[in-house]
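> Hey, can you work out the whole structure from these sequences and the hints?
There are 2 protein chains.
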Amino acid sequence: MTFRLNHLAIVVEDIPQALAFWRDALGLSLSKMERVADEEVEIAFLPLQDGKIELIAPINTTSGVAKYLAKRGAGLHHICLEVPDLAAAMQRLRDRGVELINDAPKVNAEGIRYCFVHPKSAFGVLVELYESPSAAQV
Amino acid sequence: MTFRLNHLAIVVEDIPQALAFWRDALGLSLSKMERVADEEVEIAFLPLQDGKIELIAPINTTSGVAKYLAKRGAGLHHICLEVPDLAAAMQRLRDRGVELINDAPKVNAEGIRYCFVHPKSAFGVLVELYESPSAAQV
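If you're matching them up, the sequences are chains A and B in order.
Here this note's numbering is used: the first residue of the first sequence is 8, the next is one more, and so on.
Here this note's numbering is used: the first residue of the second sequence is 8, the next is one more, and so on.
Think of the hints as simulated: they come from the structure by calculation, not from any bench.
Be aware that a few hints might be false.
It does not matter which identical chain is meant; a pair holds if it fits inside one copy or across any two.
Said to hold, decoys possible - BS3-like mimics (lysine-lysine), calculated; alpha carbons at most 27 Å apart, straight line:
(1) Lys127 with Lys39
(2) Lys74 with Lys113
(3) Lys113 with Lys127
(4) Lys74 with Lys127
(5) Lys127 with Lys78
(6) Lys113 with Lys78
(7) Lys74 with Lys39
(8) Lys39 with Lys113
What follows is the structure in structure tokens.
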């Protein structure tokens, strides 16, 4: 199967500072900024030819992302791949002994069903899966 | 500008173990394996709809990747974006105070000109740039 990369998430302390590199120096476009109250973060979206880079900064010192930053520092945080059938993908992973962070699919503000694979099952990488019925997988 | 993601590199200790997750459990395809003697690594290529994931494992205990693994553990290592004119991109970055790891473009085994941006200038992310004259950037 060929998966589509939905996004590549990078945790930063400060979005404007990070944009000075990603947008102003490197030259990527900024398509939108979004404040996600539930996750206590602000996100800057930088589209790639396919998929996008998301710069994620905490909006307080107590969120999960703030704690991650304090412990690990800024850097690559997770990758999100699209799957056509999330429940089937989760079952397939579980059948092969992969640990998922959430047992049942979650739904984000855009109505997208998603889950996270535990980094210890993915060799240090935090992998998010988005359900996208139109995901082209050949 | 819209950049193309050429690859997303993940450092692992052992390619067959990592493939048990990425290929067998998650379902990505393995398109090829390659041993890169110069960098003392073995690489597994897993194509995405656009771009690819590269699993990189050291073939000895003295290579740069082996040292990285010993210090940081397995996980996301770098992202590689395509630019149409590498020299111009490097000059633009330098003009804005961005530190590059190599001062002049390097050339890999496939003849691709590339450079690395220092992670301290990219907020913790190791960014590689590949020159691809046909890179669609609008």
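> Of the hints given before, which are not true for this structure?
none
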